[in-house]
Amino acid sequence: MCNDLVRWRCALVWCLVLIALSATLTTACASNGDANELIIYSGRSETLVGPLIERFEEATGIAVRIRYAGTAELASALLEEGDRSPADVFYAQDAGALAALAEGGLVQALPADVIERVPEPFADAEGRWVATSGRARVLIISSERVPNPPHSVFDLVNEEWRGRVGWAPTNGSFQAFVTAMRQIHGEEATEAWLRGMLANDVVTFPGNSPIVQAVGDGEIDVGLVNHYYLFRFTAENPDFPAVNHFTDPGSAGGLVNIAGVALLTAAASDEPGLAFVRFLLSEEGQTYFRAQTNEYPVASGVAARSELTPLDQLNPPSLALTSLSDLEGTLQLLQQVGAIP
Amino acid sequence: MTLLSGYAPFTARVRSNMPVVWVLALAAAGAACIPLVYLIVRAAQADAATWSDVLSESTLHLLLNTAALTLAVTATSAALALPMAYLTERTDLPFAGFWRSITIMPLAIPSYVGAFAFIIALGPNGSLQDLLAPLGVERIPEFYGFVGSWLVLTLFTYPYLLIVIRAGLRDLDPAIEDAARSLGQSAWGAFWRVTVPQLRVPLAAGSLLVALYVISDFGAVSMMRFDTFTRSIYVRFSSTFDRSSIAVLCLVLVALVAVVLAVDWSQRRNARYHRLGSGAARTPRLVQLRRYRWPSVFALVAIMAVALLVPVAVLFHWLSIGLQSGETFPGLLDAALNSMYASALAGAVTVAISIPIAIVVVRRPGFLSRIVDRVSYIGYALPGVVVAFALIFFTLRVTPGLYQTLATLIFAYAVLFLPQAISGLRTSLVRVQPGLEEASRSLNRNAWQTFYSVTLPLIAPGVLAGFALVFLTTMKELPATLILSPIEFDTLATDLWGHQEDVFFARAAASALLLLGCAALPMIILFGHDRELRT
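In the order they appear, the protein sequences are chains Z and A. Per numbering that gives the first Met the number 0, residue 0 is the first one in the first sequence, and the count goes up by one each step. Per numbering that gives the first Met the number 0, residue 0 is the first one in the second sequence, and the count goes up by one each step.
Chain Z on its own, in the form it takes in the complex:
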């Protein structure tokens, strides 16, 4: 007991020391909001864009402070913060989150010369956000067990693929793909496809990486994913037994979703944020996306990796990316057919 008492007093003293320390640190940290400092909320992770941000700091001399979190979490946090947000720029992983902020009146219009850097579908019609890189929906297929890959995602409901296909219905990219399918092929065809997939024993995964892992492990033979996940697996294991397969161009299976950026109305000053947007769309920024994140460059004049089907052959011209923000309808449909809780 005596021993416990001594130990206990020591612990108490340490706690007091910690509290005192933290008080000093908190006051030191509280002085945020330098005018020549750029605060970015990034839904894209540090491993993806950190080196590019460092290059931006070197090139412009603008000090960047950045908060990394999920795109949905940050979009909701920005909506909750409103005009009081400390952030200047929102760098998002998908168009839906950017559209939600634009609807909420939290972003400012970008100048015309920035918007003109990208082809029409890759910027908001009112210039409130602009895409910086693109990623394609593909089928990841086992290079060992799939001699005749399907021509279209619609073939996956056939008996041949029973129990062999994986999807991630809770994943944002998948939901964007279903939204695109509703826009292009109609509600009925989409519902029939979803029900057909479920009836064909499609396997549900929590995200894209577990699907790629499962194709490699042999749990499934085909997965609905984005094109760049494979490159990360092959980086750690060059013999990873799976390949990307592009389905019929022009249909929802060839959707290209984007990462993009918006300038917030809460920004202390517009200049650093605008410089950041211009840097992402510059040749250096676009080349970085091609080489480092394995994505599609979107600005004119920078070509995609040679092993990927070129961008202009993938996307159906009729689809505007803002129409992908109608997630409510997709969610209801997915719930109705029983694909998500």
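Don't take every hint at face value.
Negatives, chain Z to chain A, calculated, CB over 10 Å [unchecked claim]:
1. Glu57
2. Pro146
3. Trp160
4. Ser268
5. Leu307
So the derived label-pair ranges between C-beta atoms look like this [unchecked claim]:
6. Z:Arg64 to A:Val397: 21 to 31 Å
7. A:Leu332 to Z:Ala58: 20 to 30 Å
8. A:Pro329 to Z:Asp82: 35 to 45 Å
9. A:Phe315 to Z:Gly328: 39 to 49 Å
10. A:Trp293 to Z:Leu197: 49 to 59 Å
11. A:Leu59 to Z:Glu327: 20 to 30 Å
12. Z:Gly337 to A:Val296: 46 to 56 Å
13. Z:Phe230 to A:Phe315: 22 to 32 Å
The set of hints was computed from the structure by calculation and includes no laboratory data. It should be emphasised that the depicted structure is a prediction, and the values quoted were computed from it without experimental measurement. Here a beta-carbon is modelled for each residue, glycine too, at the ideal position from N, C-alpha and C.
Starting from the known structure of chain Z, arrange chain A on it as the hints suggest.
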């Protein structure tokens, strides 16, 4: 449940009203209500269509799923934790200090990491499959869905119960066990008839922590593909950004939590667990395991092999792949220091805040103290991301200067983990005889002196348990840390998240292993020493 004593119970009690304690307790309870107030404000903006959409048949299905999983995990966690607590605390188990520290470590493994490791190890074509293949096992049974979630959540939440039960065992007066033995009970009989009933408070408090954790968990159920209520909240939230419909869903969750809290409350007896009359509790006797000694060790090894060794082995496997390809891990040390610092602060602050609540709940039972106690559980049972939004809402309106500072972050942890500290404290406080405090007051010590020199040393095991619980859960906390931390304040949990998201497994494994190591260090200091027990 009166303890043996030759003396009549105290009747003429000095009843002070403790105004300062009440003010502090009510303030803490008010802070715990912030998420609820936020949900009501946001839900009020929802239209009728949202309500009818939310209160549909599929919602009932989700509630049933959640309830079934909660019951199953709580029951198995208790079945694991009770014998483990007794073995490590009261018997001559070999290397008891080592086991005391190591058995609570699974709490530091984030549930999504644990679940992912299990899928890698036990899934189709996983490591276990490879091991069994030469024996002719072609495919091991599927464990996704309910079974997988049950397994993973049990293995990573039983330490909640273990920590609280152990604090209860430390405070237990051995006199009643000795009395049972002297009346002819075997050691086993004394355990079941006397010790377990005396542990009612920690068992209930720990079970409540496990149950509410299961309700709020997202990581394990999403990996295991099991549809629970919290999972559906996350799915909807990350797709629609519609905060009012999320708030409506969360209020349904609050209703479910209210049911759990009411059930828990109805189980509470107005029993007395402290010693009456004069004298102090002796140091408990060490139970001789004899021929059960090595089987007990074997059982602990088996449990730890599954709960700790499987995830750690998978993490080391990834790490070694990364090291072979020459990866380096910059910035990990800073993240580790930040994690330790924030978690220690959160533990200390949360325990400090919860002391007044524990005092009014134990010493002044009544309607008001019951409300104070119950509302403190709300933040803990809600999805972390919702609590984070509530604190954005609150901080920017009340103390905008403190938004995204360490102070706000620690406050958020306190709102999230208050019940953990209260559970630890309450377990110890029910054993403290009020007569001791009254004697101190009668000897001219004021209330603070009495608290510091009499009560605090007596409830030290509960304080340590509360600190340990909050420390370990803060180490792995993610959603509130991502949004509310000072900008560029990386912790091991955020580092781990950032890298597993992008399939940089080696780096993610490095941060996960470091997280475990940093969590283990204080636990070894707090629990690893040998206890001086009678043999």
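Cβ separation of Phe230 (chain Z) and Phe315 (chain A), checked against the hinted range 22 to 32 Å: holds (25 Å)
Determine whether the Cβ-Cβ distance between Arg64 (chain Z) and Val397 (chain A) falls within the hinted range of 21 to 31 Å. holds (24 Å)
With d taken as the least Cβ-Cβ distance between Ser268 (chain Z) and chain A, does d exceed 10 Å? Since the minimum Cβ distance to chain A is about 17 Å, Ser268 (chain Z) lies beyond 10 Å and the statement holds.
Using the Cβ atoms, figure out if Leu59 (chain A) sits within 20 to 30 Å of Glu327 (chain Z). Cβ of Leu59 (chain A) to Cβ of Glu327 (chain Z): about 22 Å, so the range 20 to 30 Å holds.
For the hint 35 to 45 Å, verify it against the beta carbon of Pro329 (chain A) and that of Asp82 (chain Z). Distance hint for Pro329 (chain A), Asp82 (chain Z) holds at roughly 37 Å.
Non-interface claim for Trp160 (chain Z) versus chain A (Cβ beyond 10 Å): holds (17 Å)
Minimum Cβ separation between Glu57 (chain Z) and chain A greater than 10 Å? Fine: 17 Å to the nearest Cβ keeps Glu57 (chain Z) off the interface.
Look at the Cβ atoms of Phe315 (chain A) and Gly328 (chain Z) and judge whether their distance stays inside 39 to 49 Å. holds (46 Å)
Is the distance from the Cβ of Trp293 (chain A) to the Cβ of Leu197 (chain Z) consistent with 49 to 59 Å? Taking Cβ atoms as reference, Trp293 (chain A) and Leu197 (chain Z) lie about 52 Å apart, which means the hint holds.
Just to be sure I understand the hint, the distance between the Cβ atoms of Leu332 (chain A) and Ala58 (chain Z) should be within 20 to 30 Å; is that true here? Distance hint for Leu332 (chain A), Ala58 (chain Z) holds at roughly 29 Å.
Range hint 46 to 56 Å: satisfied by the CB atoms of Gly337 (chain Z) and Val296 (chain A)? For Gly337 (chain Z) and Val296 (chain A) the Cβ distance comes to about 48 Å; the hint holds.
Leu307 (chain Z): least C-beta distance to chain A exceeds 10 Å? Its Cβ never comes within 10 Å of chain A, the nearest being 19 Å, so this holds.
The structure meets every hint from the earlier list without exception.
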